[in-house]
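There are 2 protein chains.
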Amino acid sequence: MKILDNGMCSISSIKVNGYREGKYGVAIIYHENTTAVGVYTTNKVYAAPIDITRKHLENGNISAVIINSGNANCYTREDGIKRGLELAQVAADYLNIPLEDIAVASTGVIGRQMPLDILKPIAEESLKNLGNSRENITLAEKAIMTTDTVPKECAVESKLEDGTVFKVGGFCKGSGMIAPNMGTMLGFVATDLELPSDVLQKALKKAVKKSFNMVVVDGDESTNDTVLLLSTNDVKGNYDSNFQEALDYVCMSLAKQIAKDGEGAEKFLEVTCDGAKTEDDAITVSKSVVSSSLVKTAVAGADPNWGRIISAMGYSGVEFNPDIVSISIADKQNECVIVDKGTVKTYEQPEKLEFAEEIMKSEDIFITVNLHDGDCSATAYGCDLTYEYVRINAEYTT
Amino acid sequence: MKILDNGMCSISSIKVNGYREGKYGVAIIYHENTTAVGVYTTNKVYAAPIDITRKHLENGNISAVIINSGNANCYTREDGIKRGLELAQVAADYLNIPLEDIAVASTGVIGRQMPLDILKPIAEESLKNLGNSRENITLAEKAIMTTDTVPKECAVESKLEDGTVFKVGGFCKGSGMIAPNMGTMLGFVATDLELPSDVLQKALKKAVKKSFNMVVVDGDESTNDTVLLLSTNDVKGNYDSNFQEALDYVCMSLAKQIAKDGEGAEKFLEVTCDGAKTEDDAITVSKSVVSSSLVKTAVAGADPNWGRIISAMGYSGVEFNPDIVSISIADKQNECVIVDKGTVKTYEQPEKLEFAEEIMKSEDIFITVNLHDGDCSATAYGCDLTYEYVRINAEYTT
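Residue numbers (our numbering), protein chains in the order written: chain A, 10 to 407; chain B, 10 to 407.
Watch out, some of these pointers could steer you wrong.
Since copy identity is lost for identical chains, a pair holds within one copy or between any two.
To be verified - List of simulated lysine to any residue pairs, SDA-like, C-alpha gap at most 25 Å: (1) LYS91 <-> ASN330; (2) LYS53 <-> LYS350; (3) LYS350 <-> VAL118; (4) LYS168 <-> HIS381.
No lab work stands behind these hints: they were computed from the structure.
Produce the complete structure using the sequences and hints provided.
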């Protein structure tokens, strides 16, 4: 697998662009007749763009995606659908494609009608300079940012088992993962490999489960969360595990970038649960620890407070025997085993606590817990909780 | 129902006292042969004092409670039970009562052995001056505080339906309710009404469900959470709804005091869900809103961002129709209906948003949502999320 430099534009038949003015932006992805599948928020309150995109993806093909930032177009009722379609119509007219061939996605403030007088001219500007350059993809990535501080992309080239070369490339926005019931996550991934939509759908669900869904805690989803996977159908071939691996890699890279760019975050936090009876147990435990506000503030304060880790494991709801678990804290270089099969190492060796304190000062923190109760694992991604998070969210709509 | 001034010491046969040195404190409650019942954390990882107290309450009677702050005595294995009992033995010796007649509770840092060299002398100091005065109960309340900024108590006098006068009085500690998977909540409530332990247990469960459990979100419980209810058996009488009402009142008052004293909190937040199909639905929705970090930061920033309220309702997991819900924001004087049966009032009357902004500046914020889907209600208690919360928790163990 080879990492590519141009994100989604590594696939040469795709054209993209973005344009933004202040807090409003519009990005366009354009390729005639892509096979397209999506996964969406499970929030009972979901936004108008999700209604529109679900409907337009029903026949399996689209030719463009229009994404706006600055307004979520959520809780806007019939008028929301109307305005969402009206913005999409700008792209349909310019590209001369049917309105039904356009998918839409929105991110921003909930409960306000879309300001089309602002967004339509921005969409027109974005459409004018569609292209496949490094600059185009950067503009698209930046146009959809809200509280994100950096654009997020990943692209790889890989080979199927039969040697066929294919590419997968994507970009996303998302930030603010404290609870994490936070900001909307939007992800757009494309591949040049021709695959039927049911195969794409299954592959995307698998990849999302171990990537984006490991940043966003179950149920705690925004009203607008959307991940789309498009195939340009340029390369003939059959799905195999190498394709899944490449798709997983891109989605996990994007998900980790979201975690690292958590609102106000200064540190990246990765929590792995090993030795669980089932994968679901491993997912639940790792997410419970990564999303604990007490663990997150401890990471912010470089405090190796493993009591908060075991407490978060305990209230996850998963059954396990606390007397046989192991807990370790690591950075990229060093690892410190704090609890070894129920034995607290820092009781016998107090110098271990100092070692753990040193590790906790690093920028990337890796917590591993082992339930010693099976052979299933899962990894969840998060960040620390800082003053800055509170500032960003106390002032968001003003 | 009459509010009494001396907390638990309003019941004259009870003796209490407290003593603290730095971050360590010990409180004692003493009354021979009280009928005692308890409810405890459901965290799979629970502390040694819970093991001890559960066991000592098995025969239904105790004569004293010893509570320490500064160390949770959690994840301390057999040694934890041993040390917990050794601290209780100090009280048993002094009071000349069997060790099995003492309940224990602890709050503080998890995963460190109890420093008995520090706690035993503090316990002895506390025991020396047991009494029933205003000063005694204040010392007890202060001895069990951790990040609490104020002692918390409530006592009432009421009458059974047959005219029998009885009292209920209690105190508690607890703070830090952001997720709220936070600090330990300990509550101690006494009554002079003689009731069998099964009746007391049922009454306590009922009261805790609508009070302490509405501050702490399901499953997100500390390893040490404990609420004990003691009866001195001074007054003969039978359980009726007036007793339940008095017990509910005391527990709800204590729970609200915990919410108000949330770590770093500057504002009190109360969320009521009306019109739910079941009580459980109402509980789930109101807790989901009160514990949303985005709602909490919006309250901190006096931002009437109702989009975050509907989003938190949406990811609660409860089925409802977003198009018919109502949402209002109020303080003690004024109420602003923002969404009325699905109609967003601020679209038609933008001045409503300014009114809501004014309300959000108040110290006590009341959010009411109505699902218009039944006649069940529930109220959850919380606080805003501030910079100060992050500071407190980033530095807790240092």
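(request) Determine which of the earlier numbered hints do not hold for this structure and return their numbers in increasing order. (result) 4
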